[in-house]
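Single-letter residue listing:
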Amino acid sequence: MASPLTIAAPSAPEVAAPAIGPSRTPRTNGERGLAGKIVGYLGILLTVAVILVPLYFIVITSLKTQPDIYRDPITWWPNPLAPENYSYVGEHVSFGKYFRNSVIITAVLTVVKVTLGVLSAYALSFLRFPGRTLVFFLVIASLMVPNQITIISNYSLVAQWGWRNTFAGIIVPLAGVAFGTFLMRNHFLSLPKEIIEAARMDGAGFGRMLFRVVLPMSWPTLVAFTLITIVNEWNEYLWPFLMSDTDKVAPLPIGLTFLQNNEGLTNWGPVMAGTVLASIPILIVFLVLQKQMIKGLTAGAVKG
Amino acid sequence: MSLSRRSFLTWAGATASVAALGGLSACAGTGGSAAGQEGDGTIKFWSNHPAKSKDVEQKIIDAWNAANPKTPVQLIDGGANYEELAQKFNAALTGGQLPDVIVASDVNWFNFALNGATAPLDDLWTKAGVKPDTYVDTLREDYKLNGKHFAMPYARSTNLMYLDNAIFEKAGLDPKVGPATWQQFAEWAPSIRKANGGKPVLAIPDGSNYLDWYFQGMIWTFGGHYSRDWTATFTDPKSIEAGKFLQDQVKQGNIAVSNDAVNQFATGGASALLESTGSLTGLTASAKTPFTTAYLPGPKPGAATGGAGLSVPAGISEDRKLNAVKFIDFLTNTQNTITFTQATGYMPVRKDAEADPAEKMYLEQHPNATTAIRQLNENTQPQDAARVFVQGGGKRIGAALDRITIGGEDVATVFAQLQDETQKIIDRDIKPKLSN
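Chains as they are written, first to last, in the UniProt record's numbering: chain P, 1 to 304; chain A, 1 to 436.
Honestly, the hints are just simulated from the structure, not real lab data. Quantities reported herein were computed from a predicted structural model and do not represent experimental measurements. If a hint is listed, it holds; no wrong ones were tucked in.
Covered by chain P, per the in silico footprint, the following chain A stretches (three or more residues, Cβ under 8 Å):
{"id": "1", "stretch": "86–100"}
{"id": "2", "stretch": "258–267"}
In the BS3-like style, the derived pairs of lysine-lysine whose C-alpha atoms are separated by at most 27 Å in a straight line are:
{"id": "3", "chain 1": "A", "residue 1": "54", "chain 2": "P", "residue 2": "97"}
{"id": "4", "chain 1": "A", "residue 1": "70", "chain 2": "P", "residue 2": "248"}
{"id": "5", "chain 1": "P", "residue 1": "97", "chain 2": "A", "residue 2": "59"}
The beta-carbon is built from N, C-alpha and C at its ideal position, and this holds for glycine as well.
One chain only, chain P, in its complex shape (with noise of 0.2 Å):
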């Protein structure tokens, strides 16, 4: 999962937080309001560049030649500049069909998931039926199985299905949604019941009460969700590479790995440009979701 991005960004201030918390209690506000923000912004620094670093690195050695990718010592800027490593990548590899396909099977599984993940969740807590805590306890047992031990018959049953190489061969072994379920579940649990109740009394029906008493009050969970959905899927790699033979249904991950060499000499620039290509999609979704994740956490329920 690349979740460095989903990490950094929350994380930089919980971080620089106890930087803050140890500076000497008897000092007046404004002093302590200086060195509490010195060290803090020390602190912000220190965690953005280790985060940023890495990232750095791959960004500028997509822009490197390959001699200079290995230059002793290391250096920072790419000399000579090789924006050509983005076109080798578009002329190695089938980019737009991968890059399609990622689209395809990422938008198919999240909307799927999203879907099956709240409406269960959501009669696992507030519908009344036999049996509904086995149900729970199931879906909870199936998160403990590892993915390793269910691709095999997954993989039986889909190929004599003659599924293999499709889209829906690939998307309908990775729709469960075990822990999509869990996490809404424990949220919708979470909900005051006051709130529940009073729509209840005032006739909700199933819809009214998912769209406008629930959802609303879960939105910072549920974009957390599909977040992690979207970055999940984008990056499956094992399960469409069993599934997939050619470009017509792979995604990108397995695309890329058309630019590494089998035996001797890999040119990692255009593997590096490959990766940022396949990464900025994901940055965008993350950016725009990460308003939405805030928006949702300003946004009380419960008034006064």
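Dock chain A against chain P, hints included.
Structure of chain A alone, referenced to chain P:
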């Protein structure tokens, strides 16, 4: 995004599932129905495109398709390397939709054959009119098990020593003549190191990049072996001596065990390199300075053959098998093996390739490519069973060699563990299945 971390996770998963599949493939292979799977009329060729050969593979396939419109070949991306391809094939064994032709590396073909996942080819050769004698004998015989052949040579290589011309001349040595023995290498090393500003003399890929394959030649020159017949011989005093020599050379800074050895050499970070012949074309295009290829140090034989062959799954119908073998015959015929090897650096697999006038001219102009072919006849022998035939053997030995070189652990201890593990697997998994 963090591709490397991602692929690491994938590897962790891959390793686990390959281990899990190991047992399953046996059932799937031997239990194959008598009729065999019918296909959709196309020959599915799963390849990992050794040495970035996708374009040249497709070119040869296009020629086949033009001549055989009824049985066209479809080139399928089987994975980023030999191990991924084996994993994908293992998965297919459990669930059907088998391919027609797969690339099987030196360490993978045997386990497929032993478990009945790939078909014996001798009868098919007769039916398809393939003449096995036209293949280079040693390369063909590499794929023999219980008296039958289970693969046909394709992207075959040996290890080569690549020498940086300028540095060797600066050190007063002739780059045309590599060190005759590893002892001579050790003698030369200080002056070569001096000529290259103290940088290590020889870069060797690490354990996850087949150090076990390169070290095999070295262990032979010391009189040691990974195994003899079906007995592991890591604890043989001569094997341990070779391990100690490697460890000592790494300690002295003469040998660098590197996770990216080719690039280290190509960018001047080392004066020499042990690599596959398959790297030749790529290196020629990208190395900073001119280089010469040399034999691995002797006494002979001091180099292992390796690379990959082509196998046919056992679970497909007889017709499909026959067409598959015909296609392999075409893919590796004299003309195509020349085209393929010139594009990659691998060795031609047919005897008469060397007599071809165009190839003769090519070899005269490219003496570096000739070294591999000459070395094949003079300085190689088939690999030890402990590496290529024992399940996970290459990986196991590679990890142990990493421990003694990068980790600096005691050679005798590490090799003793290796001995135990290897012998256990041979006795348990392999011996019961051998017919003679």
